[in-house]
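There are 2 protein chains.
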Amino acid sequence: MQEERPWESLRDQIKNNEADEVKLFLESQESSDLIGAVGHLTEDERAKMLTLLTPEDAAELIEDIPWVQALRSIKDIEPESAAAILSEMTSDDQADFLLEMKGEDAEAILEEMDDSDVKNLRNLIRYDPETAGGLMVTEFLAFEESETVESLVDNLRQNALQYKKYHLQYIYMVSGGKFGGVLSMRDLLLSNPKTSLNEIAITNALVVNDQASLEDLIKFFDVHNYYGVPVVDDDQALIGVVLREDIREAQSEQMNTEHLETQGIIGGEELRTMPILLRARRRLSWLSVNILLNIAAASIIAIYQDTLSAVIALAVFLPIISDMSGCSGNQAVAVSLRELSLGVVRPFEMARVWLQEVSVGLINGAVLGLLIGVAAYLWQGNAYLGLVVGGALMINTVVAVSLGGTIPLFLKKMNVDPALASGPILTTVTDMFGFFLALTFAGMMLSNL
Amino acid sequence: MQEERPWESLRDQIKNNEADEVKLFLESQESSDLIGAVGHLTEDERAKMLTLLTPEDAAELIEDIPWVQALRSIKDIEPESAAAILSEMTSDDQADFLLEMKGEDAEAILEEMDDSDVKNLRNLIRYDPETAGGLMVTEFLAFEESETVESLVDNLRQNALQYKKYHLQYIYMVSGGKFGGVLSMRDLLLSNPKTSLNEIAITNALVVNDQASLEDLIKFFDVHNYYGVPVVDDDQALIGVVLREDIREAQSEQMNTEHLETQGIIGGEELRTMPILLRARRRLSWLSVNILLNIAAASIIAIYQDTLSAVIALAVFLPIISDMSGCSGNQAVAVSLRELSLGVVRPFEMARVWLQEVSVGLINGAVLGLLIGVAAYLWQGNAYLGLVVGGALMINTVVAVSLGGTIPLFLKKMNVDPALASGPILTTVTDMFGFFLALTFAGMMLSNL
Chain A
1 MQEERPWESL RDQIKNNEAD EVKLFLESQE SSDLIGAVGH LTEDERAKML TLLTPEDAAE
61 LIEDIPWVQA LRSIKDIEPE SAAAILSEMT SDDQADFLLE MKGEDAEAIL EEMDDSDVKN
121 LRNLIRYDPE TAGGLMVTEF LAFEESETVE SLVDNLRQNA LQYKKYHLQY IYMVSGGKFG
181 GVLSMRDLLL SNPKTSLNEI AITNALVVND QASLEDLIKF FDVHNYYGVP VVDDDQALIG
241 VVLREDIREA QSEQMNTEHL ETQGIIGGEE LRTMPILLRA RRRLSWLSVN ILLNIAAASI
301 IAIYQDTLSA VIALAVFLPI ISDMSGCSGN QAVAVSLREL SLGVVRPFEM ARVWLQEVSV
361 GLINGAVLGL LIGVAAYLWQ GNAYLGLVVG GALMINTVVA VSLGGTIPLF LKKMNVDPAL
421 ASGPILTTVT DMFGFFLALT FAGMMLSNL
Chain B
1 MQEERPWESL RDQIKNNEAD EVKLFLESQE SSDLIGAVGH LTEDERAKML TLLTPEDAAE
61 LIEDIPWVQA LRSIKDIEPE SAAAILSEMT SDDQADFLLE MKGEDAEAIL EEMDDSDVKN
121 LRNLIRYDPE TAGGLMVTEF LAFEESETVE SLVDNLRQNA LQYKKYHLQY IYMVSGGKFG
181 GVLSMRDLLL SNPKTSLNEI AITNALVVND QASLEDLIKF FDVHNYYGVP VVDDDQALIG
241 VVLREDIREA QSEQMNTEHL ETQGIIGGEE LRTMPILLRA RRRLSWLSVN ILLNIAAASI
301 IAIYQDTLSA VIALAVFLPI ISDMSGCSGN QAVAVSLREL SLGVVRPFEM ARVWLQEVSV
361 GLINGAVLGL LIGVAAYLWQ GNAYLGLVVG GALMINTVVA VSLGGTIPLF LKKMNVDPAL
421 ASGPILTTVT DMFGFFLALT FAGMMLSNL
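So the protein sequences, as listed, match chains A and B. For the first sequence, position 439 matches number 439 in our numbering, and the numbering has no gaps at all. For the second sequence, position 92 matches number 92 in our numbering, and the numbering has no gaps at all.
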């Protein structure tokens, strides 16, 4: 039976330097329990735990926990230990860590690593992490075209242990270093051992350039069902492989970041294990912009203060109109962001999106307007109040969905991140409009209210 | 140079039954342009286009466009055409379509398909789509343990064409139908042809039961870097393979659905090509619940109407307090949903989450309270008004993040979908509290305002 708070034992084991117990404990945990247990440790405890494990086990653990925790842990330990752990990882992961560190910290770790790894890494970290060069692994096998199936198989036999880290779904054929073709395991299996590699290689295989963007790669793997794609530089030399799995992961992170941004969590991720001041500061950076926009919107009410004094009941409905318009608008924003990411809509198609939103806005606006109008009438016994608030909500719903549908497209067209900015812009404008509508209508019917 | 509206040509080609032109057009489009072009067709045009293509091309197209469009298209065409297209897909995709259709429609298609496929499919569609049985593909190769590497290779040679649809990263070994082990291509390549399969098979390979849930499978592939995992039934017979790629896709869809739900788009997906009434009805189902909650919250203002009449300036700040509390609370909700999905927090850890939120809430509440208090003072020249609105916002920010952080955990514990319900519950309670605080404080200081 799993203890409810397994990290308590882990804590003691770490405190008492019980390396074997720590290893056993981690192996006994299911993946999700592991993440939970490790997440409960302080940063010091996590760092200490890493040094208690063998570099191989530590690397495995690092790959399982959330990125922000992994990065923090690597930064917290001595360069020598960090280097030992990173050496157990594939080159793309090594590069990911080094890129996120300050130059001198990264240097300190590089100095502790094997020279052969270091040369390769220095090249890798020059790439933008969202290009093929920054996403590729450099652990791949390549053989000259003149070799035979037999010599390839012998090579695999002799180096079985060393090739453990390597992905062997495809082996590549090169011609003097330049990419020549792809050799599938199946073709190798079915061929006569004396066959030379260039007779069975798939020579018209697709490759990508090291500058290919993450977007290009996402599209590539959407179309092609390959396990990975070879990466070549401008001289057509084979320099790495981009794995489909890694692109899927990057795409998943993109989706997650976009969602968090629409909710006002900027910087791509927040875990509650991060320092309090950091969390507060990042949330506040978005909240403070919002409060200024809110004050601007609410100033409309201030302008119409006299009308409000005369029809105090209206003050009950202003927050309702504001909130409901925001809800309707945000539904439209969500659909636009989704359609943009799927590629079913293009940023220039604002007119078409507007038409599709207006139709829904009119229907829903009518229903919501009716609901709130009836509520107002039932409460105050005044049909004119019902007309005012109902009419204001109905019109503002149409405004909200129109803006909600089109703002993300407009921002995308302007190369501004639509996930972060759409919400605040939408709610500010619809608030202003909603308050304006309600108070103006009320002003027009003052005698009847 | 790509035309800006390529679908216009496509429309004409479809109208004029120009099958070859349609095929050429689709091949010429980049994946994203393709999705956009197809998305602009009416449902009738899409259905007609499918019948103009060969079943093989149609199946490829179907796999590229968004699911809701693909399903609609398959439903719209004659059973005979649908059967021909489905027959080009792997069994898991076939099952996906059939499961989403009414019994009689699915039957009509099944009757048009090959008997061998149908028997298999009838078994597949009995599975819950979110279990291993519902996610697996049944196109895999298995060989008896007594066979040799040589006979296996001969078999592959003879059946090369037929095995095109099959994934061959791993071939499986069975013993009288029961799962025996996994044969990796590499081991086959390195072995002597006369070796019998049971000498090289990995016999302690992991398998999953056909009832394993999507959650189990997600955890499995988080831990194990395999391409796929064999599926066995309760008798240990090998019945299929779950591919890592498919689990990643399912996980991605889960994330997307969760995000759309937090924005009030229920039913997992909305594309603007769906019928207007359907879109309006689904959005309205969420909006109508929200408006009732909003009316309930705003009734607090109605109760304190007299205080409001005395301090009409307050009406300007009520929407600000409501909106800003909602923003702060939704940040906390987003972090909780994220941490729950990552597994770093468990539903029972509400106390810990509350502490982590309160700390941030106090800091941000103090800053926001100060900002709005100063704004109120600058506007009305009355420090007490500043105290009232500032104090109300500060306290309500703490309330909002406390609720925002813990409500998702509580709902998850109660087995209620936290993505859909957290937002509305949060905003309703924080609105009520915020209005209450502001109006009560104002009531206490009436003489000074």
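In short, the hints are calculated from the structure, not lab data. Hints are supplied without guarantee of correctness; some may be wrong.
To be verified - Capping the alpha-carbon separation at 27 Å, the derived lysine-lysine pairs in BS3-like fashion look like this:
#1 B/Lys15 x B/Lys48
#2 A/Lys219 x B/Lys194
#3 A/Lys75 x A/Lys102
#4 B/Lys102 x B/Lys119
#5 B/Lys23 x A/Lys23
#6 A/Lys219 x A/Lys48
#7 B/Lys119 x A/Lys194
#8 A/Lys194 x A/Lys178
#9 A/Lys48 x A/Lys75
To be verified - Partial pick of chain A residues on the chain B-facing surface, computed with a CB cut under 8 Å:
#10 Val289
#11 Ile291
#12 Gln305
All figures in this text were calculated on a predicted structure; none of them were measured in a lab. Yeah, the Cβ is synthetic: ideal placement off N, Cα and C, and Gly gets one too.
Verification of the supplied hints:
Between B/Lys15 and B/Lys48 the CA atoms are separated by roughly 9 Å; this keeps the pair inside 27 Å, and the hint holds. A C-alpha spacing of about 44 Å is found between A/Lys219 and B/Lys194, which places the hinted pair above 27 Å, so the restraint is violated. Of the supplied pair hints, the one linking A/Lys75 and A/Lys102 holds, its CA atoms being roughly 10 Å apart against a limit of 27 Å. Of the supplied pair hints, the one linking B/Lys102 and B/Lys119 holds, its CA atoms being roughly 19 Å apart against a limit of 27 Å.
For the proposed pair B/Lys23 and A/Lys23, the alpha carbon gap of about 58 Å is over 27 Å, so the pair is violated. For the proposed pair A/Lys219 and A/Lys48, the alpha carbon gap of about 42 Å is over 27 Å, so the pair is violated. Taking the CA atoms of B/Lys119 and A/Lys194, the gap is about 44 Å. The hint is violated against a cut of 27 Å. This hinted pair checks out: A/Lys194 and A/Lys178 have alpha carbons roughly 23 Å apart, not beyond 27 Å.
Simply put, A/Lys48 and A/Lys75 have alpha-carbon atoms about 12 Å apart, close enough for the 27 Å limit, and the pair holds. For A/Val289, the interface hint is violated, the least distance from its beta-carbon to any beta-carbon of chain B being 10 Å, above 8 Å. With 8 Å as the threshold, the beta carbon of A/Ile291 comes within range of chain B, its nearest partner Cβ sitting at about 6 Å, so the hint holds. The closest approach between the C-beta of A/Gln305 and any C-beta of chain B is roughly 6 Å, which is under the 8 Å cut-off, so the hint is satisfied.
Going down the numbered hints, you'll see the structure goes against 2, 5, 6, 7, 10, while the others check out.
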